[in-house]
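**Student:** Input sequences plus hints: build the corresponding full structure.
If you read the sequence shown in numbering that gives the first Met the number 0, its first letter stands for residue 0, the second for the next number, and so on.
Hints in this document: simulated from the structure, not taken from any laboratory. Source: prediction; values computed, not measured. Hints are supplied without guarantee of correctness; some may be wrong.
[Said to hold, decoys possible] Calculated pairs, DSS-like style, for lysine-lysine (alpha carbon to alpha carbon, straight line, at most 30 Å): (1) 130 - 78; (2) 187 - 170; (3) 130 - 223; (4) 208 - 130; (5) 48 - 78; (6) 281 - 138; (7) 170 - 208; (8) 78 - 6; (9) 223 - 208; (10) 223 - 187; (11) 170 - 223; (12) 223 - 138; (13) 281 - 130; (14) 138 - 78; (15) 78 - 281; (16) 51 - 6.
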Amino acid sequence: MELRQIKYFIAVAEELHFGRAAIRLQITQPPLSQQILQLERELGVTLFKRTKRHVELTNAGQIFLQEVRGIFTQLEQAKALTLRAEEGMVGRLAIGFVGSATFDIFPLVIRGFQEQFPNVDLVLHEMPTPKQIEAFHHKEIDIGFVRPSVFDPTISLLSIQQETCVAVVPKFHPLAQRSTISMNDLSKEQFILVEREIWPSWYDDILSKCHQAGFSPTIRQSVKEIQTVVGLVASGLGVSIVPRSTSNFHIWDVSYLDIQQDSPRIEMSLAWRTDDESILVKQFIDTAAQIINRPDR
0 MELRQIKYFI AVAEELHFGR AAIRLQITQP PLSQQILQLE RELGVTLFKR TKRHVELTNA
60 GQIFLQEVRG IFTQLEQAKA LTLRAEEGMV GRLAIGFVGS ATFDIFPLVI RGFQEQFPNV
120 DLVLHEMPTP KQIEAFHHKE IDIGFVRPSV FDPTISLLSI QQETCVAVVP KFHPLAQRST
180 ISMNDLSKEQ FILVEREIWP SWYDDILSKC HQAGFSPTIR QSVKEIQTVV GLVASGLGVS
240 IVPRSTSNFH IWDVSYLDIQ QDSPRIEMSL AWRTDDESIL VKQFIDTAAQ IINRPDR
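**Tutor:** Here it is in structure tokens:
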């Protein structure tokens with residue numbers, strides 16, 4: 000059975016006249032009649048009752064007409080959907096993100112992309128940067144919100160945010176009454192930091208700034224996420240240094256303090272596979288760049 004035969008059948012069924020159907024299809028009547036006969040043989044049923052003056056559908060023909068009309072409707076929908084997919088308007092993107100991205104840049108980009116491309120399904124996976132690199136290699140994610148440094152020739156990066164760090168201390172801590180401190184003010188404190196294997200460049204930068212201030216920090220606890228850092232600081236277990244955007248994470252039992260002079264700095268980047276030529280990936284990167292560079296952001 001061919002689509003052409005179904006198309007011919009629908010024309011005859013709607014015209015109920017082989018001559019008019021042939022004109023509509025821009026073919027001659029004999030090949031049209033032959034195609035209908037061949038279709039009936041393949042189906043094993045009679046689709047039309049024919050006389051010299053009259054053509055009508057059989058019961059089987061009426062059922063067949065209902066079903067095949069749906070096929071052509073689905074084909075048109077498939078064609079339209081395929082064209083929209085080619086234009087990057089529909090599809091699926093798997094996105095990895097570090098938890099700290101949700102404090103600032105991540106919601107802006109995701110919301111902006113969904114407003115422009117509402118029919119693209121975004122599947123979100125929270126995971127630290129090293130896990131995202133593994134996920135890229137296994138093609139489990141298409142886009143990543145990562146914390147550099149990333150040294151992998153198979154992955155491309157676009158810097159989307161750079162920010163200074165602030166100190167976070169328990170609300171009842173003596174330093175909490177101040178708005179600004181120096182690194183040296185933290186020399187006697189116990190630190191809670193994100194594990195080095197999760198964020199090595201930032202971890203090393205914090206230790207470097209402590210050493211420049213003349214002390215080696217006492218690290219009481221290492222954890223996997225910044226949210227956990229803030230929670231443990233709120234519990235009174237120590238102090239920490241976190242990205243400034245973390246202050247958007249409101250916990251009443253902590254205070255965020257500016258650090259004088261050379262405070263640690265961090266970066267957020269978009270990541271994708273260098274060889275990925277997906278139009279959806281390109282659309283996401285372009286949209287993110289537009290949102291990031293917007294003057295009202």
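**Student:** The structure should be examined with respect to each hint, and the outcome stated for every one.
**Tutor:** Each hint, compared with the structure:
Between the alpha carbons of residue 130 and residue 78 the distance comes to roughly 38 Å, so the proposed pair goes past 30 Å and is violated. With a CA separation close to 17 Å, the supplied pair residue 187 and residue 170 stays within the 30 Å bound. The hinted pair formed by residue 130 and residue 223 meets the criterion: a straight-line CA distance of about 12 Å does not exceed 30 Å. Note on residue 208 and residue 130: the hinted pairing holds, with a Cα-Cα distance of about 27 Å set against a maximum of 30 Å.
Taking the CA atoms of residue 48 and residue 78, the gap is near 34 Å; set against the 30 Å cutoff, the hint is violated. Between the alpha carbons of residue 281 and residue 138 the distance comes to roughly 16 Å, so the proposed pair stays at or under 30 Å and holds. At most 30 Å may separate the alpha-carbon atoms for a hinted pair to count; residue 170 and residue 208 meet this at roughly 24 Å. For the proposed pair residue 78 and residue 6, the alpha carbon gap of about 17 Å is at most 30 Å, so the pair holds.
Taking the CA atoms of residue 223 and residue 208, the gap is about 21 Å. The hint holds against a cut of 30 Å. Between residue 223 and residue 187, the direct Cα distance comes to roughly 24 Å. Compliance with the 30 Å bound is thereby established for this hinted pair. Under the criterion of a C-alpha separation no larger than 30 Å, the hint pairing residue 170 with residue 223 is consistent with the structure, at around 23 Å. With a CA separation close to 23 Å, the supplied pair residue 223 and residue 138 stays within the 30 Å bound.
Pair hint residue 281 plus residue 130 holds up; C-alpha atoms about 22 Å apart against a cutoff of 30 Å. For a cut-off of 30 Å, the pair hint linking residue 138 to residue 78 stands: about 27 Å separates their Cα positions. Between the alpha carbons of residue 78 and residue 281 the distance comes to roughly 22 Å, so the proposed pair stays at or under 30 Å and holds. Of the pairs offered as hints, the one joining residue 51 and residue 6 holds, with about 23 Å between alpha carbons and a cut-off of 30 Å not exceeded.
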